[in-house]
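With the hints as a guide, dock the two chains, each given alone in a separate frame, to form the complex.
Those sequence lines, one after another, are chains A and B.
Note that the numbering used here has the first sequence beginning at 1, numbered continuously upward.
Note that the numbering used here has the second sequence beginning at 1, numbered continuously upward.
Treat the hints with care, since some could be wrong.
Stated by the list, open to error - With the Cβ distance kept under 8 Å, some of the chain A side facing chain B (calculated, not the full set): (1) E42; (2) G151; (3) D179; (4) S181; (5) V182; (6) N188; (7) G209; (8) M210; (9) T253; (10) L263; (11) L264; (12) V266; (13) A267.
Quick caveat, the hints were computed from the structure, so don't treat them as lab data.
The beta carbon of each residue, even a glycine, is placed where N, CA and C say it ideally should be.
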Amino acid sequence: MIVRVSELVKLFRARDGGHEFAAVDNVSFELAAGETLGIVGESGCGKSTLARLLVGLLAPSSGVIEIDGRPLEAQQRDRRALARRVQMVFQDPAAALNPRLRVGDTLREVLSVHRLAAGGSEAERRVGELLEMVGLAASHGSRYPHELSGGQKQRVGIARALAVEPGVLVLDEPVSALDVSVRAQVMNLLAELRERLNLTYVFISHDLGMVRKISDRVAVMYLGRIVEAGDWLDVLDAPRHPYTRILADAVPTPDPAAEAGKLLRVAAGEVPNPAAPPPGCVFHPRCPLVEPICRTAEPRLLVTGGRSVACHVAQRAEQPVDAPVPGR
Amino acid sequence: MNGAGQPILLEIDALHVAAESRHRATPIVRGVTVSVREGETVCIVGETGSGKSMTMLAVMGLLPSPPMRVTSGAIRLRGRDLLQLGERELRSIRGREVAMIYQDPMSSLNPLLRVGEQVAEALEAHGVPRGEAYERTLELLGRVGIADPPRSAKSFPHEFSGGMRQRVMIGMALALSPRLLIADEPTTALDATIQQQIMALVRRMQDESGMTVVWITHDLGVVARLAQRVVVMYAGQVVEVGSVRRIFEAPEHPYTKGLLASLPRTTAERTRAPLAQIPGSPPEPASISAGCAFAPRCAHAFARCLEEAPPLEPRADGAAACWLGPGGTAP
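Only chain B is shown next, with the shape it has when bound in the complex (with noise of 0.2 Å):
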């Protein structure tokens, strides 16, 4: 499924989060705009800082408050607006219709109790009735490929490897069939190999559910193989949205076109010219300039991107935030 066509299941809106202390508030998030439709598989794109993980823990209500906060915005799954949801109804939705797998599945196991005991506790939890719990993690441990679930089941997470306990996480966000899986950065610890039988498994996941995925990443080769929508982010804002082949081929911003070019060439050819980069590096939250947040490292700034933030507005096949106009060429 691609999700053309398909009716909008999360929305958010114009989303500010800030790192507050004492004394200051520091925004992290800056006005994030960012739909995902039934269905769709989208890459969320961005370095340190960028924002993207901080945007995805405030869609599961998980921001690691204090410090972070929402300061403003809305964020609606099928219309509802999270943001005002008291807990209660927020961990109903969590595992029913939102779920979240991260990078390091060894912080969200707990290294005392038996793999098999904490997915059908997690079940109970969510109403599964104890007689049927264990029954059902065997079946879950199967269908994410982890061998011989009753052995397996009875094995602490210490005695898993990286691959295993991320099957295991998949196993737990996908139990209650959750319209919506959020994906951070799962497969970076892991070795390549081990990293592509998990994005064929949430792809296989995927097939036979309907199920939609956000999967967040710094690694464009990722998003190259998995998304069918790409969100590039950059100090806490979206800079272009675009479907996977725009992005790649034809990208609108002076940010995604430099990432693009930076990375080497796999032609048969190559040349000794040095790779193509972006001077200087990713701002800290605390230090964002005024004006466009890119404009410091980016080689066709001008007068105004120094003085005023360019909105997110429509190009072909997506949106991108630039006073350059389409294509790149001067206004």
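Chain A on its own, in the form it takes in the complex (with noise of 0.2 Å):
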């Protein structure tokens, strides 16, 4: 397993300045290199803290992060080169890159804080490989961002986070900022570096279409909880967690023929807030399926029907096995 991630939380200080809360509450999973895990939910899931965890931009309140069978700690030497194996793409490439930097310096900045080229020239040669990897010529080097459409700019960010040779890649909404013509060129540069670079991706994103194109496996996160986790094509077409079947049923497919009389099925509420999470299990007062046990105990997440799912309603319906951690 190239990262194993058992009973992680993240501890939050409510906006008041009062009481604590888990933006992420036990989560446990597994993955093996070259594997992709599709992580999907709304705001407040708590999926782009568990971003931020395994690129080591939070450290855990408790749990452990492990990559390739090291546990991740705050005190070791070697952790910067631990960390490093572990790289995040964010949503908003502008953002993300320097706008004072030609992207060349950008990716030469990274090589030099990592010590990883010998010389200017070793460095040179390094930023117009990367920059080929990732579909650029090596002439965009001497570019700012601004002189770069947003699909360029994020090649760049790809190339940056590809730069220190990562195992692993944190893919947070890598295509939703793009214009809709330039996002299948992007998905499809992360497929071919996948198998190039035997890389393994968690890749988090709203877009159901992609993460059922991309994922192994999916992990459906609500209120800081993963509620259900398993093969892709068993999450998404046959769900058993009530909120991954309303999640499935709420993003609209671009299918006229399937979506006729979708248009008036709605479910009811908004996601709490996660400082103030409902007793019991945490989805209840949205719950068509809420029973009286659902009010006052957590579900566990637990292995039925071949995948794993956090409901007492989904669990009664087969016999569970005990087995909290989503790997195979």
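The following block contains the structure:
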């Protein structure tokens, strides 16, 4: 396993300065090399906090992130080398690049900070190689970000992440800010790089179509918890958790025949404030299948019907197996 | 109501809008012609810089001017050219006949004013007597699905979620029962389940009143769920028009075809094959090439496409602007 996350918790203090709440609550999963885990969920589900924990931009409150079998700890000597194994690509490439630096300088800076190029000419060669790897010409290195299109900027963002030769990329909505006619180019690039460099992806997106295209497994998050996880086809086409079903129905697909009649089918309610989650199952106030037990007892994530589900009702339908880690 | 056979409500005729500076005028909307029938739901699809928002802001008489200015064309609402009206007449049309909702409701709400007060103020501005305005406000908030209207009316906009703010905007837009609602990406910033609530709310309001809806979006899923008719825009022009079924099942324009082909399939089998991609990116308004604006990205472009812009010509169940003949065959 290249990444193993066990019982990860991240606490934040509520804005009113009072109590602490879990933005990521007891999340566990494993990723094998070359595999892609899609993470879906709405505002406040904790997917962005999880991304920042994975790349070390935030420190966990408890739980363990292991990379290549070694736990990522705050004080260790080789922390930097270990953390380098996981890199992030951001949603908005314009905001993620320094507008005053030429693209080549942005990449050279990364190489020099991590001492990855012996001299000027080696850095030069590597910058050209990185740009070509993401489908740009070496000559793009002399351009400023504002001289590039949105798709080209995102390619630079990917090149920067690849500069340190990571094993894992955390892709946080990598095509959502791009024009629709450009998204396929960047998705194809990501798929190609995954094959070529044997990369492992955590692909965070609200676009279920793109998640379907690229993911081997999918985890659905709601208010900091994984509520369902499993093989992409099981989770997306035969969801067991009521929230996954509602989400799958809510996201419109580009197929008028399949969409007929869906317009007036509405799930009530909004995502509660993550700082004040409801008792019991956090989804119960919006759940069409709610039962008395859901209001008091939080369901555990258990394997049932071939995937992990945290739902009392779904678990009762089949005999669950106790296996809290949604791995393989 | 599906609009077919109904009279035309809105007619945009050869509209040109330019961004003007001291030294030059950059064309943003380049000869857009669209007509919308009473009771219809039309989706305008396009990417950044396609001119979709500017076209509809021109209908509202709300172009950000300067630098934007209508340079030629006509916009007729029930036959009356809105471009010939003065600001006073326009103001009475906005709200009563045409209303608009936007992507970011926060920018249209006054952060310092309680929600109920600003809805009531808007009603009063349109002649609802002061005594009635607050009562009407509470009724409106209830209609758009805001829980506990008397209490919610006393909240400030920042105390509301994005979805609730958009509900307030819809309530205000529909307060005077306009004939036409223009929705400019009102759900783009919202989560999927909230987007679905907002789309259903607008449809319910439409079913109650027979209102016409023009919905601007870049999301082809939203189009498939919502639209009866689709207008596809690219680089300031309409490149294709058609019924929603025809656009998705038999697109005529290479841009529409390319967009639809680039979307991931929703079928159970999945191939590792790459998505079909359109090369390049949409042009900046200042650097749109002569001839067909899509030609530099089009796999089928030939000499004529680079020299002469194709006109929008009738095709089965709509129209397309492409030198290739019907079905994409060479002329």
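To see whether the hints hold, each was checked on the structure:
no.: 1; hint: E42; result: 4 Å, holds
no.: 2; hint: G151; result: 5 Å, holds
no.: 3; hint: D179; result: 4 Å, holds
no.: 4; hint: S181; result: 5 Å, holds
no.: 5; hint: V182; result: 5 Å, holds
no.: 6; hint: N188; result: 4 Å, holds
no.: 7; hint: G209; result: 4 Å, holds
no.: 8; hint: M210; result: 6 Å, holds
no.: 9; hint: T253; result: 5 Å, holds
no.: 10; hint: L263; result: 5 Å, holds
no.: 11; hint: L264; result: 5 Å, holds
no.: 12; hint: V266; result: 5 Å, holds
no.: 13; hint: A267; result: 5 Å, holds
In summary, this structure violates none of the numbered hints.
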